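A.B. asks: This is what each chain is made of:
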Amino acid sequence: MTAFGWITIFGFVALLTALALPLGRYMAAVYTGGHTWLDPVLGPVERLLYRCFGADPEQGQDWKAYAKSLLWFSLAGWVLLYIILRTQTFWDFTGLNPLHYHSAPWNVTFNTTSSFLTNTNWQYYGGETTMSYFSQMAGLTVQNFVSAAVGMVVVVALIRGIASRSGKSLGNFWRDLVRTCLYILLPLSILVALTLIFQGSIQNFTTYLFAHGLTSGGAQHIAMGPVASQEAIKELGTNGGGFFNVNSAHPFENPTGFTNILEMLAVLVIPAGLVFMFGRMVGAPRQGYAIYGAMMLMFLGAVIVCYIAEAHGSPAQHAAHINTALTHGADGGNLEGKEQRFGIAGSALFDVVTTVTSCGAVNSAIESFTGIGGAIPFANLSASETIFGGVGTGLYSMLLYVLLAVFLGGLMVGRTPEYLGKKIEAREIKLVAVGLLLTPLAALFSTALAVASQAGRASISAVGKGPQGFSETLYAYLSQANNNGSAFAGYTGFVQPSAGNLGSHGVTFADLLGGFTMLFARYGPILFTLGVAGLLAGKRVSPPGLGTMRTDNPTFVILLIGVIILVGALTFFPALLLGPIVQGLTGHLY
Amino acid sequence: MKKDIRTAVTAILGLTLMLGILYPLVITGIAQGVFPGNANGQLVYQHGKLVGSKEIGQQYTDLVYTSSGKVKLDDGEPVTTPDKRYFQTRPSGTVPADNAAATTFANYGPNDKVTEQAIASNAAAYLSLNRPYDPSLTLAQVPVDAVDTSASGIDPDISPANAAIQAHRVAAIRHLPLPTVMALVHRFTGQRGLGFSGEPSVNVMELNIALDRARA
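Protein chains in written order, with our numbering: chain A, 489 to 1078; chain B, 10 to 225.
To be clear, the hints were calculated from the coordinates, so they are not data collected in a lab. You may find that some hints are simply not true.
Straight-line distance between alpha carbons at most 27 angstroms, and here's what the computed DSS-like set of lysine-lysine pairs gives [claimed, not checked]: (1) A:Lys1027 <-> A:Lys918; (2) A:Lys918 <-> A:Lys556; (3) A:Lys656 <-> B:Lys11; (4) B:Lys12 <-> A:Lys552; (5) A:Lys953 <-> B:Lys122; (6) B:Lys93 <-> B:Lys63.
Quick caveat: nothing in here was measured; it's all calculated off a predicted structure.
Can you build the whole structure from these sequences, using the hints too?
C.D. replies: Here it is as structure tokens:
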């Protein structure tokens, strides 16, 4: 561990908070119809889009109508993306498939389509050996924007339900969708993309290059492409699907220590900003601060443990008598699967940032993290995206937990539970409980199926022996169920003998099980959340009295963290014991 | 319902046009206009030939030939040996090493025997390459970046400690004074981003090219 490592971690937290506060104010204006400084430029575009869609942005929708629009839009997106990916050679005429790559097989494409639609970006394929530039742009990049927007509009609808003083309207889905893309995601993406290019990311349509090398053995082909435009929204939308196979470890995706910080900020700034936006939209900024505090405490705990574990080095290094101590000019620690320019702290922090959110981008090989360091992403996934979480999904999962905590707190002190003046009754709490259990259910059920069947074990990598093989499998389904998309990348669902997909085949079991896991764990909780929003919207607001339990003080923050850890631990601890914890507790090699 | 479907279809098509076609095109236009060097990958040409990218790690190795003059192959890939005149990059998990058209993690687990063997063999190779020129070099001094596989498999950088060890070999082979080589190492050591983010890193390609110039 170094002073610079700790400065990186705490400097990042300070920068994040400083950026998220104004962004929260701005987003509140976007969703409440307030004026923004982008109105003169984007207003005409916005109105043009509504006209094209044939949607009336002023028409309020109750939760069922809102959900219906969301589901139709998602279905249309799924079909279009599947078609684009399966007809890859058809688009050769655009010149955006310079190596004439064929489409990936149907089963891998099913997995990929479901993955990008659900903001998961789990990737069984490697970008530069599978996808044409056209598929990356017109297919994947578009879903990076709109799947993020879908997550965000759901939390906005939930907040409107909580804040509503009258009626059942949760807003208009089409209006929220367009305004999210146009006013929030697009301007930020342009800003981040250009900064990335300024630092060394590439953005071109050139074919892959052949470099002769300085020496006779140094010849190499170098993959090119429109990287920065996709990289920016990959982070901002907490998508995480890399343009290249090695994701943000690739020097063209993440060229410097500066871009490493920029990308981490891009991942967390919207989820953090949404928390502050929530406080403003319900008219009680302190409520937002309380949730931010709970998230930040859990986040810091995860980062600190992960950094210390990685700085310590791995059993394999120690068995090979490698000196993992910090020495002059060398980082020390477990640099296996990590890049020199990021170092241990930059890799550990990135790892935590993208596993607490549903981003799942990686700048290092999670499979190569130490047992305890690798247990941190497991723990983050087990907390079901409540620690900032994906854009939108994180805050709505957290708000469901808040309702649960309010309910439990109310039971403990014997008062009618209410949140922001709305009574929390049996019907809401039933929906909350089921909604929160869908994701763990999908994760554990799929893992059990995959380790208990021959077809499932086929996906475990050759090096994944002993508990590592179990860890790989558990991580795969935990990640897909949480719509995260990071991976112990040895787990395979796609066998590709050469670039371009000729002669390749998918592992049908893993592809389909993963695909259905992602769809179920995305749209299930969304429907339950909108249902809760609908119920809350119709309730009268009662003024706070002496008996009201406060939800904006440290006591509540601790209660909330306790509930999240309790639910996560009770659900996942037995499974975690069999994989990462065993590895963390032993120096034994398998 | 019909209206919902029509709206959904036009919405995804309209957004695809705006976010999937126009947005990347505009970014590409600006990038090619304002930062053409970066947008195309900081390519390095020598005598009109593309030799590589400053941002992408490369093998500084020589092909091994059989007695009949053919390139020796192992498992379909050419056998190579490190070119001692050059600084060497980090171990790579791609096939072949430093493959910038099919990147991949090595995915070595922390508790795997395979990992221990890979690390031990990297360390042995590093020592046998460098110890002849720096007899005091011990296993305990070998920096982790020299034996641990990089994430991308095309890491362009090594640690300053790694470079300082290799400098002995490079200086001896090239008949250059050690301080001259070390001065170049310092010149191509990149500092932390924003002054705190990441680790100081030596760009191997820039360093190797500068070495070739220093000899001339």
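A.B. asks: Straight-line Cα separation of Lys953 (chain A) and Lys122 (chain B) no greater than 27 angstroms?
C.D. replies: Distance ~9 angstroms between Lys953 (chain A) and Lys122 (chain B) Cα, so the pair holds.
A.B. asks: Within a Cα-Cα threshold of 27 angstroms, do Lys1027 (chain A) and Lys918 (chain A) meet the stated pairing?
C.D. replies: Status holds; Cα separation ~16 angstroms.
A.B. asks: Under the criterion that the straight-line Cα-Cα distance not exceed 27 angstroms, is the pair Lys93 (chain B), Lys63 (chain B) satisfied?
C.D. replies: 20 angstroms, holds
A.B. asks: Mind checking the alpha carbons of Lys918 (chain A) and Lys556 (chain A) for me, to see if they're no more than 27 angstroms apart?
C.D. replies: OK: Lys918 (chain A) and Lys556 (chain A) at ~22 angstroms, within 27 angstroms.
A.B. asks: Measure nothing beyond the straight line between the CA atoms of Lys656 (chain A) and Lys11 (chain B); if it is 27 angstroms or shorter, mark the hint as holding.
C.D. replies: Holds, because 24 angstroms separates the two Cα atoms, which is no more than 27 angstroms.
A.B. asks: Keeping to a limit of 27 angstroms between CA atoms, is the pair of Lys12 (chain B) and Lys552 (chain A) held or broken?
C.D. replies: 15 angstroms, holds
This entry satisfies every hint, going by the numbered hints stated previously.
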